[in-house]
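Residue numbers (our numbering), protein chains in the order written: chain A, 75 to 487; chain B, 75 to 487.
By construction, these hints were calculated from the structure, which means they are not laboratory data. Warning: the hint list may mix true and false statements.
[As the list claims (entries may be wrong)] Mimicking EDC-like on lysine to aspartate or glutamate, the simulated pairs with C-alpha atoms at most 16 Å apart in a straight line are: (1) K133(B) x E129(A); (2) K417(B) x E451(B); (3) K419(A) x E387(B); (4) K133(A) x E214(A).
Number of protein chains: 2
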Amino acid sequence: MKAHIIIIGDEILIGQTIDTNSAWIGAELNKLGFDIWRITSIHDNRIEILNALKEASGKTDVVLVTGGLGPTSDDITKPTLCEFFGTRLILNAEVHLMIKEMMSRRGFPMNENNSRQADVPESCRVLTNATGTAPGMWFENDGTIFISMPGVPYEMKYIMNQHVIPELNKRFTTQSILHRNIMTYGEPEARLAEILSGFESSLPSFIKLAYLPSSGVIKLRLTAAGNDSNILSSGLDEQVKILYAIIPNLIFSEWEESLESVIGRLLIEMKKSICTAESCTGGRIANMITSIPGSSLYFKGSVIAYNNSVKTELLGVSDGTLSRYGAVSEQVVIEMAEGIRQKFKTDFSVSTSGISGPDGGTPLKPVGTVWIAVASEKETITSRHVFGNSRIINIDRFSIAALSMLRRQIINH
Amino acid sequence: MKAHIIIIGDEILIGQTIDTNSAWIGAELNKLGFDIWRITSIHDNRIEILNALKEASGKTDVVLVTGGLGPTSDDITKPTLCEFFGTRLILNAEVHLMIKEMMSRRGFPMNENNSRQADVPESCRVLTNATGTAPGMWFENDGTIFISMPGVPYEMKYIMNQHVIPELNKRFTTQSILHRNIMTYGEPEARLAEILSGFESSLPSFIKLAYLPSSGVIKLRLTAAGNDSNILSSGLDEQVKILYAIIPNLIFSEWEESLESVIGRLLIEMKKSICTAESCTGGRIANMITSIPGSSLYFKGSVIAYNNSVKTELLGVSDGTLSRYGAVSEQVVIEMAEGIRQKFKTDFSVSTSGISGPDGGTPLKPVGTVWIAVASEKETITSRHVFGNSRIINIDRFSIAALSMLRRQIINH
Chain A
75 MKAHIIIIGD EILIGQTIDT NSAWIGAELN KLGFDIWRIT SIHDNRIEIL NALKEASGKT
135 DVVLVTGGLG PTSDDITKPT LCEFFGTRLI LNAEVHLMIK EMMSRRGFPM NENNSRQADV
195 PESCRVLTNA TGTAPGMWFE NDGTIFISMP GVPYEMKYIM NQHVIPELNK RFTTQSILHR
255 NIMTYGEPEA RLAEILSGFE SSLPSFIKLA YLPSSGVIKL RLTAAGNDSN ILSSGLDEQV
315 KILYAIIPNL IFSEWEESLE SVIGRLLIEM KKSICTAESC TGGRIANMIT SIPGSSLYFK
375 GSVIAYNNSV KTELLGVSDG TLSRYGAVSE QVVIEMAEGI RQKFKTDFSV STSGISGPDG
435 GTPLKPVGTV WIAVASEKET ITSRHVFGNS RIINIDRFSI AALSMLRRQI INH
Chain B
75 MKAHIIIIGD EILIGQTIDT NSAWIGAELN KLGFDIWRIT SIHDNRIEIL NALKEASGKT
135 DVVLVTGGLG PTSDDITKPT LCEFFGTRLI LNAEVHLMIK EMMSRRGFPM NENNSRQADV
195 PESCRVLTNA TGTAPGMWFE NDGTIFISMP GVPYEMKYIM NQHVIPELNK RFTTQSILHR
255 NIMTYGEPEA RLAEILSGFE SSLPSFIKLA YLPSSGVIKL RLTAAGNDSN ILSSGLDEQV
315 KILYAIIPNL IFSEWEESLE SVIGRLLIEM KKSICTAESC TGGRIANMIT SIPGSSLYFK
375 GSVIAYNNSV KTELLGVSDG TLSRYGAVSE QVVIEMAEGI RQKFKTDFSV STSGISGPDG
435 GTPLKPVGTV WIAVASEKET ITSRHVFGNS RIINIDRFSI AALSMLRRQI INH
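Can you build the whole structure from these sequences, using the hints too?
Laid out in structure tokens, this is it:
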């Protein structure tokens, strides 16, 4: 059971618009058990559309096409579909009425462009669209289903949800595909793969493992495929249990949650509060924490101490410590974390001081070096990391390392 | 002059990851004058990769492939490339050394997986990668150039910028395409298009205008195409001059610079300093400011006052003001901006207080409401905006509105 997604639009090819339709369609079809064979993005051009349709014929069960159905002159999909399927455009009364009503609701007169949108290929089944003026179309040809939809994301989603997904679900009783996304932090991909090589080779044949790294976080995706979703689900449960036994300290979520979201959940459960004192991360940690709805319940605030005077005056870092050890040092992050925790009266605090780059490195403290401290009533712990040369990436990785340390301290509390 | 982009990765097909690489590559190649013929996303699977490479051969001048180059076992691109090009993997000493140095800097031992990443197909030219362990590869076969790069966006971008774009630029002398990206803030797209309708219709035939909106910033892209780049360039200069005459107050850069970068440049030129006091933006403004290299020259720090106690104790906002007007009010942002400017002893300060959502709105202060103040020695100015319902988008739009106000105050000083 295979599907092919074809995206029509020059704006996609020249990178002016990022195609999010194919990801959405892919995820929905995947849930139905379809193997997405390919996604192909092509020019808004008669020859290219004809070629793509020809190439797609007979390769998969379903071909989903989006784009090229607007009222303006650069849209030529509909006549090209007629040419390909050997049919002609005829006025569809139901669609014409829907468009007329929609225009009058919005207070616009019905013009010629709108009327033309009610013309549909004679051989297709019309998929009505209550969210816009372009209907979807369903063709069947030589054993392949072709579905054409507008490229505007919410119109495409309406037609998919209203017509396409229920119909495909009815027609194709199929193999299930289940995923489990285990989030880890603490080992790089190559090292994690080494630790998990035995686990991977002893997976049952219907479960596959993939590594998806991003800014130091590695998502382990377990995918199970088969006919009985109960077997798949319990098979995945069992493998997740084994993973926990092998790397208990690396896993922070088994449901694709971000670190800042996990931390938020923990703090709400435990009724604890946090604050941050950031130098090199410049507010990034606070920004990540406050991206979570409801974070005002546990996050009190931060001091971003870019300048050393802020470290001494607001956070109480001593001049002596700064001059003896330098701003990027274990001693300074300890004083920062303890200083802000006292000032903001929170249960936990986290602090960072490092060199994001591109300049400012020394042989002993190269660009990419960071010191992190997490303070609580019980203790203050620290760690030092050295990442790469890119400023933006370093700020991100410093912040994620700090959140990971914070999460562990919250749990160990 | 045509190009084809092939994206390898199951995570793209099942919609777990939105493919942003192809849009970035498409935009860059388009600038060089390439017609992007197709973007094809395929499975991480030997047969599918071989088929896609075979189909792509001879169709375009350049085929750019991303993905499938990680150290783990789900990555099989490299052996498949060897099979397709009839070559074998050999250890590349330079790459091996780069990986070793990178691992030792990060404090990790070099394991077998890392070593394997230094194996490259014998017949390719290696494109070194200073941002990760997987190098890029350049093949030439039957008149088609094939370029394979890692799928991690910043690694792909590094290899494109460092190797691929300069080389393609040298090899393909072509019709010139020049772009000028004029950055504006202050009017929504539909209104800006109305203001510029006369400008657009009187553009010379070789110049086109496009609107690219993002978080309130609208990039006006002028594209000139033709054989003589001098004519194109002076034609663009002339149109930019006309634009400045029509919308002098909306333009903040004509070189695709971000607001935070423009602000940094201005502050360095004028030897002035800033700080921020953020409530609803939660550190996002500081994060944007400190993303700019060298920002420590003008940015002293911030107080993120999520909790009202931080507003009173650290910023000196009076309890009376808070209880009389509420935290989201003109009076509070004025006291925040003036309080932090005094405390941090900077020339300028900016403050925000608002309701990011999804909860916390009232009929008088709905979700999406923000008050912003900018303080300087001369005066304190304020503004109020109401944006949408999405928390993440609101935080972004609040921050950009604040930076825009800050920029105008710096200029008017």
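Status of the hints after comparison with the structure:
1. K133(B) x E129(A): holds (14 Å)
2. K417(B) x E451(B): Since the Cα atoms of K417(B) and E451(B) sit roughly 13 Å apart, the hinted pair holds (cutoff 16 Å).
3. K419(A) x E387(B): Answer holds: K419(A) to E387(B) is near 12 Å, not above 16 Å.
4. K133(A) x E214(A): Holds, at roughly 14 Å.
Violated hints are absent here; each numbered hint is respected by the structure.
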